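Protein sequence lines correspond, in order, to chains A and B.
Take the first sequence: its position 47, counting from 1, is numbered 47 in the working numbering, and each next residue is one higher.
One rule links them: number in the working numbering = place in the second sequence (from 1) + 1000.
Be aware that a few hints might be false.
[To be verified] One side of the interface only, derived from the structure: several residues of chain A facing chain B at Cβ under 10 Å:
1. Gly-55
2. Ala-59
3. Gly-62
4. Ala-85
5. Pro-89
6. His-90
7. Leu-91
8. Ala-139
9. Leu-294
[Stated by the list, open to error] The following label-pair restraints were derived from C-beta to C-beta distances:
10. Leu-1028(B) <-> Arg-17(A): 32 to 38 Å
11. Arg-1101(B) <-> Ala-32(A): 45 to 51 Å
12. Gly-180(A) <-> Trp-1003(B): 29 to 35 Å
13. Gly-180(A) <-> Leu-1080(B): 27 to 33 Å
14. Leu-1080(B) <-> Ala-167(A): 32 to 38 Å
15. Pro-89(A) <-> Leu-1130(B): 23 to 29 Å
16. Leu-1026(B) <-> Pro-20(A): 32 to 38 Å
Hints listed in this document are in silico derivations from the structure and should not be mistaken for laboratory results.
Keep in mind that this is a model prediction, so the values were computed, not measured.
Glycine included, each C-beta is placed from N, C-alpha and C at the ideal position.
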Amino acid sequence: MTAQVLDCVGMGHRYSRRGPWGLRDCTLMVPAGRVVALIGPNGAGKTTLLHLAAGLLPATEGSVRVAGARPARRLERIGFAPQGAPLWPHLRVRDVLGIGAHLNPRWDATLASDRIAKLGIAPRARVSTLSGGQRAQVALTLVLAKRPELLLLDEPLANLDPIARRAFLASMFEACTHSGVAVLFSSHVVAELERICDDLVVLADGRVRLAGDIDRLRRTHRVITGPVGWPTTTATQPATVPNDGSQARGWQVISARQAAGRTTALVRIDTHLLAGPGLDAAEPTFDELVLGYLDQHHPDQEPSQQDLRSQVEAPA
Amino acid sequence: MSWVIWRQHRAQAAWVLLLVTALCGLMLWVRAHATADVAVLRAAGCLLGDLSGSGCQASLDDFAVRYNFTIPAFELGVPLILAVTAALVGAPLVAREVEQRTHLVAWTQSVTRQRWYRSKVATVGAGLSLAGLIAGTGTYLLQGPLSDGGVTSSRWPWFFSTALAPAGLTAEAWHLFAVFAAAIFSVIVNTFPLLTASLLAVGVVVLRNC
């Protein structure tokens, strides 16, 4: 069994006794060497999850373990880059790296200096004079040189232009490839994550909606396009209904949209289901998979699955 | 940890050093003038307890007119300036980190949050206490000639202390109180405006001084 670098079981956090939950019932395991994309809309709980994993917030319910212990006892193994790459603006880059060197016993000074030199950032430059991309790179260097086992990056691509985003992702991927570090990486920028991420976690309304290996998730989902009125077409009814009375196996509509007289739905399939007459089925792209789940109606807050189908059935 | 604190707060340390140096320089300059004037009074036999000379009352009155400003300037001014300085250094100790969100970086390094906070408060508090001790020494040195000239007598309670330690330690206690109050206050209400936190800390210190 692969050792889990991050192991969350039923983890949740409530910001005040009577306040709303930032995150609930989050069960998530991240083994070494995996790069996990954490995707969700604003307020979905991404930052809360990362702060819980970094030991910045206590879990109100459930448990969170990093390398088998509470995050606060594993600080030397956690590298956390907060959203917006906040760094001390009046300090020079070499001072920021010096802080890393003095506060971390596993600090790799060679890695830090080489990386900064390779990026063309002057060690004497003050943080306040750096561009957003350079500051993000210095923040990433600060956590990489710590030689963590778990790298937590909160929206590292925010405020970066497309070229800086690509450079950042490339350098992050290069840095992580050989180190075997597990990376949990939140982002709004869906398009560029597929190339570098192994796993996907979709969060919405403070709950995990989807989690797993990206290739497997794509294999177990289909984007099916059919006429208006679908998916009640008999050809796409559940393939089998177990005798034991458990939930029908076959497919589950995650979300559906109508456009140009056609209904396009993201469907989760448990078996190799063939689409019926008049239906076009294709493996979803990474974007379709993510956006389909972000569009999902949730049983606890939104219309039920049956209601959803009813909505889809209704005339446009 | 000390290196980190030094790098983060060396600019503040330089400003406090400059301020204390200026205050001490000013007090020593006044002391030098007062000492010279007291020497004249002594030569004329007009010091308190030895009013054998003629026209002593006029000379003493003249001394009092020239040095009466020292009471508001140094008895009240120096502690107030130091308390304001301490609060302005102490209040943003944590609040600025929270404001700039750098606490998220600091608290996820390999030292615990408690150690980070303790080290910061202790180091900065010790530095400010040292500044208070130096300023207290300055006021003590000023006490001599002014007391000899009869200006201070009952109007300057601070100068009743006859040893170095009480004067310095009083200032030190104020500093520590201001720093701790402001720093802790800024943690408790981390979204509270910095200026308000500083003013409250100063207010408490000044009220204690009344």
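Hints broken by the structure, by number, lowest first? Numbers 2, 3, 9, 10, 11, 13, 14 and 16, in rising order.
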